[in-house]
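Q: Chain residues, written in single-letter form:
Number of protein chains: 2
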Amino acid sequence: MEFTVQIRVTLRPSILDPQGKATHHALEQLGFEGIRSVRMGKFIALRVEARSEEEAREMAAAVCGKLLANPVMEDFEIEDAVPTVA
Amino acid sequence: MEFTVQIRVTLRPSILDPQGKATHHALEQLGFEGIRSVRMGKFIALRVEARSEEEAREMAAAVCGKLLANPVMEDFEIEDAVPTVA
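Protein chains in written order, with numbering that gives the first Met the number 0: chain P, 0 to 85; chain S, 0 to 85.
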């Protein structure tokens, strides 16, 4: 059974985010007011073959721990795991 | 009042995702089995000064339409907007 797992990878709060800073600056240049900060992360949608939602989540966590997230600088969160809608 | 708005930017389904393809390939090389596809997107956390949750969401949508998402290739979704927890 195929599951779609949605994953969010974010920089740890203590880590500087130059991409977010640059985006913040660009927004100010464009005239947007009231933006206090911008932090950029990754969103990943993984389609996996698994027997259960739990197994799909475990596969996603293993994949994040091994490749998708850098454990020194990033946190990951599995937002959702649902059977893939064709 | 400060709100934290969480935004997800994804490639439209019809758009090829070379970064996702490369990640998929890397996972296969690492021995992960059962991965069917990987799609990469962006996750953005915006802190904005607004009078209401609705205003915070509107600001985030304006920012996405103007800079954060490419309307030709990407979709954006405002996942959540909540008062910032200090």
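Check each hint, because a few of them may be wrong.
Each pair may be met inside one copy or between any two copies, as identical chains are not told apart.
To be verified - EDC-like, lysine to aspartate or glutamate: derived pairs with alpha carbons at most 16 Å apart:
#, residue 1, residue 2
1, Lys65, Glu32
2, Lys20, Asp79
3, Lys20, Asp74
4, Lys65, Glu27
5, Lys41, Asp16
In short, the hints are calculated from the structure, not lab data. In this text, all values refer to a predicted model and were calculated from it rather than measured experimentally.
Q: Indicate, hint by hint, whether the structure satisfies it.
A: Results for each hint:
Taking the shortest Cα distances, Lys65 and Glu32 sit within 16 Å of each other only across copies (14 Å), while inside one copy they are farther apart (40 Å). Neither within a single protomer nor between protomers do Lys20 and Asp79 lie at most 16 Å apart by alpha-carbon distance, with minima of 29 Å and 21 Å respectively. For a Cα distance limit of 16 Å, the shortest separation of Lys20 from Asp74 qualifies neither inside one copy, at 19 Å, nor across copies, at 22 Å. For a Cα distance limit of 16 Å, the shortest separation of Lys65 from Glu27 across copies, 12 Å, qualifies, whereas the shortest one inside one copy, 37 Å, does not.
For the identical chains of this complex, Lys41 and Asp16 are neighbours both inside a copy (13 Å) and across copies (14 Å), given an alpha-carbon limit of 16 Å.
In the structure shown, a violation is registered for the earlier hints numbered 2, 3, in ascending order.
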